[in-house]
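Trainee: Next come the chains, spelled out residue by residue.
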Amino acid sequence: MENIDLLLHGFTIAITLPHLALMVIGVLLGILVGVLPGLGAPNGVSLLLPLTFGMQPVSAIILLSSMYWGALFGGSVTSILFNIPGEPSSVATTFDGYPMARDGRPTTALATAFGSAAFGALVGVILITFLASWVAKVALAFGPAEYFAVYFLAFASFVGMGGAPPAKTIVALAIGFAIAAIGIDTVSGSVRLTMGIDELVKGVNFVVAVMGLFGIGELLIAVEEEFHARAVSSKIEWREVFRALGRLPWHGVALLRSAAIGCWMGITPGGPTAASFMSYGIAKRFSSRGKHFGTGEVEGVIAPETADHAAGTSALLPMLSLGIPGSATAAVMMGGLMIWGLNPGPMLFIDQKDFVWGLIASMYVGNIVAVVLVLLTVPVFAALMRIPFVIIAPLIVIICAVGAYSVSNSYLDVILMLGFGVVGYLFKKLSYPLAPLVLAIVIGDKAEDAFRQSMLMSKGSLGIFFANRLVTSLVVGGVALLLLPLVLQVVRMLRGTAPDQAKPEEMRIT
Amino acid sequence: MNITSRLLLSTAAILLAGAAPACAAWQPQKPIEFVATAGPGGGTDNLARAVQNIVTKYKLTDQPVVVVNKAGGSGAEGYVYGKASAGDPYKVIFGTSNAWQQPLVSKVAFNYTDLTPIAAMAQDEFLLWVKQDAPYKTATDFLKAAASGDFKMGGAQSKDTDEVLTRLIEKAAHVKFTYIPFKSGAEAAVQLAGGHIDSHVNNPSESLGQWRGGTQRPLCAFSPKRLPQGPKITATEGWSDIPTCVEQGLAISQYEQPRTVWLPGKVSADQTAFYQDLMKKVQATPEWKDYIEKSSQVDTFLSGDAFDKFIKEDLEHLKQVAAEQGWLVK
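Residue numbers (the working numbering), protein chains in the order written: chain V, 1 to 510; chain Z, 1 to 330.
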C-alpha cells in the first residue's frame, strides 16, 4: 500500500533527535497549559505560534501538535482531581473521574483516563493513515441540516440517558440554550439578552461557566456536607498504575465504541466536546453497569476520554485535507500553516508529502511520548489529593478566579463564574443534572445557527431534515435515542414488573 | 493626588529622563496590549501578530507587546473594551471596517467615534466564487442563471460586509439571492465545496486553499483593476488572470475591506502620532511585504484626514444599503 510506504518515510522524518526533543518540550508545555484552567490548548498553541515562524514547517507542526496532545492529557488531570475541567472536552470526564478520586482512587482514575485517551488517539491516527481521502468526502457532505442533525443526536443521547427525570433534563437544556443565546446572533446580526451590560455582547464563555458550575459548585457542597473528612489518604503505588492499564482490555467494547464515536465526531466535525458527551451518554445507556455511572465507574472515565482523544486527533484530518478545522486548536494550527507558507487543502497531500506524512508519523510517536510522560506524572498529581481540604479549597477558588479572569482579562467573567458556582450548587441541591446544561452552553448556539441556516435554505420547510440518506439517518437516530427510555418504560409496564425493582440493591452498592 | 504633587512628579520625571531630547514626543513606558477583534487564526489576528513580530524583531519600541484576542460578538467585544479603556494609550485595537459598520446595523454599545483612528493598513479584496464544477464560465453566465433560479449565497455573519456586497450585486444585476450567514468566510468556503450553497464572496486568503485544491474557483474580482500578479495558484492561473467584475458586466467597480488600527478615545495627539509613526515603520519592512503577499491583500496606508474621509464615504455607502434593507437601528 502506498500509504504505508509514505508513513514509513514519515517516520524517518519524525524520529530524529531534534524532533524527539521538540516532542518532549511540546508535550510538557502542553501538560502545563492543560492543567492550568483557563489557558487550554487553543491559547497555549497561539502563544507558542510566533516562536515557530523561523522553523521548518515540519518541526513547527510537530512542536504544536505535541503541545496539543499534552494539553488534551493535562486537561483530564484537574477534571479528575478537583472537578475543574481544564478543557471543554474534559467536562464529561469529571462525572465519574472526580468521584473516583474523591473515594481514594485517584491513581486508578488518572491511569485509566490516560490509557484510554492514548487508545482513542491511536485509533484516530490509524484512521487518518488509511482513510484520508474517504474522510475528506464525508466531511464535505455536511451542510447546515446535517450539522443540526449531529447536534440533535448529541442532545438526544443525553435526554434519553435516564438518571435525571427527562423533565429536569429538558429544563437544564433550556437554561443552557438561553445562556448560549447571549451575545451577537450570527443569523440576524442583532444583540440578544445582554440585559444592559455592554460587555455581555461577547457572550458567556464556556470556561467561565464550567469553572463556576463544577469547581465552585462542588466546593460549596463540600463545605456544607463533609468539611472534615476530605483529605484522601491514597497510597501512591506504581503497581496501581499498571494494574489500571492492565484492566483496560476488559473494557474493550466500551473502548471501541467510544473510539468510533470520537472519530466520527472529529471528522464530521462535531468536535471533541460533543464527542465526549455523546460517548458518555451512550455508554451510560448501554453499559452493563450504566446505573452506577456518576458514582465513580471506570467505564464512565473510559468513554469520554477515548472519544475526546479520538475526536481531537481525527479533527486534524479535515484541517489538512480540506482546510476545515475540526476544533479550536486545529483552527489556530491552520493559521500557523498559512504563515509557514503552506495552504491546507487537498493539494497539501500532493505538494507537501514530507510535511503531511512527517506530521502523521509524529502523531504516533508524539502520542507515545505524551502517554509515557503523563503516566510518569500520575503519582505526583495523585499526591495532590493528600493535601488537606482546608488548603485545597482556597486554592480551588484562586484557580477558578484566575482561570475565569484570564479568558479575556475581564472582572465580569469572575463575577459570572461565582454566579455559576451558585447555580451549580442549586442544581446539585435540587438534583437537576449539570451535564445537559453544559452541553447546551457549548453547542447550543451552533445547533441554533445550523437549524436557522437550514430553515433559510429550505424556505421554512422541515423537509430539509429528510432530504437525503445521511441527514435522515442522523435525525431518525436522534429521535430513537430520545424515545428509547419511553419505549423501555412502556415495555416494562406491559410486562407488569415494577421499574424500581433494582433500587434496593443499587442503594447497597452506592 | 492633587495637582501640585502631580506637577512635582512630572517635573521630577522630566529631570530624571535627563538626556532625553526635548523633541522626543511620547514614548510608551509600560507593556503594550494589541487587541485583536478576531479569534486566533482569523485575518485580523494574523495582522496583529504580524505587526507584533515586526515591532519586536526591529525593536521599534523598548516595551514588550502582547496580543490578546477579544473576538466575541463579531469583534464588538474588542471595540467595547477599547471604549472602556478611554485615555489608555497602551491598548491598540486591531479591527476592520466593522468598527463603523457594526454600530449602524446592530445595537452594540460602541461607535467608531469612541475610538481614536490610527491607520488603515491593508485592504482585503472580495471575489465572486462558485463551485469548481459549476457550469458557469463567467460572472455573466452565473448571474443569468441566478436571475431565473433560486440561488443561495453564503457569507460571514449577518448585515456585515459579505451581505452588504450580496445586496449590491442583487441591485446591480437585478437578481435575488437567499443569503445564508455563517460564522466565518472559511465556513462558507467549506459549504460551497460541499455544494450546499451556490456562491460566496470570500477574500482571497479565505479561499486560496480551496482554489488551489480544485474545489472552487473565482469568477470575478470586485476591484477597479485586476489584482496584482503573484505566483500562479493553480497550474494555469494566478490572481491577475481573474477578470474584474466590471469587465464581466457586473457594475460594482470597488468593494474592499480595510484592516484598521485604533487607540481608545481621549488619548493625546502625541500618543496618536507615536502609533501612526510606528505603523509606518512596520510597513517599510520586508517582513510586512511578505505578510501582505502571503495573505493576498493589498498594501495601503491611510491615516489622519484621508482615513477619516474613507470612513465617511464608506458609511454613506453602507447607510444607503442598510436603509433599503431596513437594517438601520438608530
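Do not rely on the hints blindly, as some may be mistaken.
The calculated DSS-like cross-link candidates involving lysine-lysine, where the alpha carbons are at most 30 angstroms apart (straight line), are [what the hints assert, rightly or not]:
#1 Z/Lys319 x V/Lys459
#2 V/Lys137 x Z/Lys319
#3 Z/Lys152 x V/Lys137
Everything labelled a hint here was simulated from the structure, so no lab data went into it.
All values reported here derive from a predicted model rather than from experimental measurement.
Trainee: Next, verify each hint and record whether it holds.
Mentor: Cross-check of the supplied hints:
1. Between the alpha carbons of Z/Lys319 and V/Lys459 the distance comes to roughly 28 angstroms, so the proposed pair stays at or under 30 angstroms and holds.
2. Among the hinted pairs, V/Lys137 with Z/Lys319 is inconsistent with the structure: their alpha-carbon atoms are about 42 angstroms apart, more than 30 angstroms.
3. The suggested pairing of Z/Lys152 with V/Lys137 holds, with an alpha-carbon distance near 22 angstroms, which does not exceed 30 angstroms.
Of the numbered hints stated above, the single one contradicted by the structure is hint 2.
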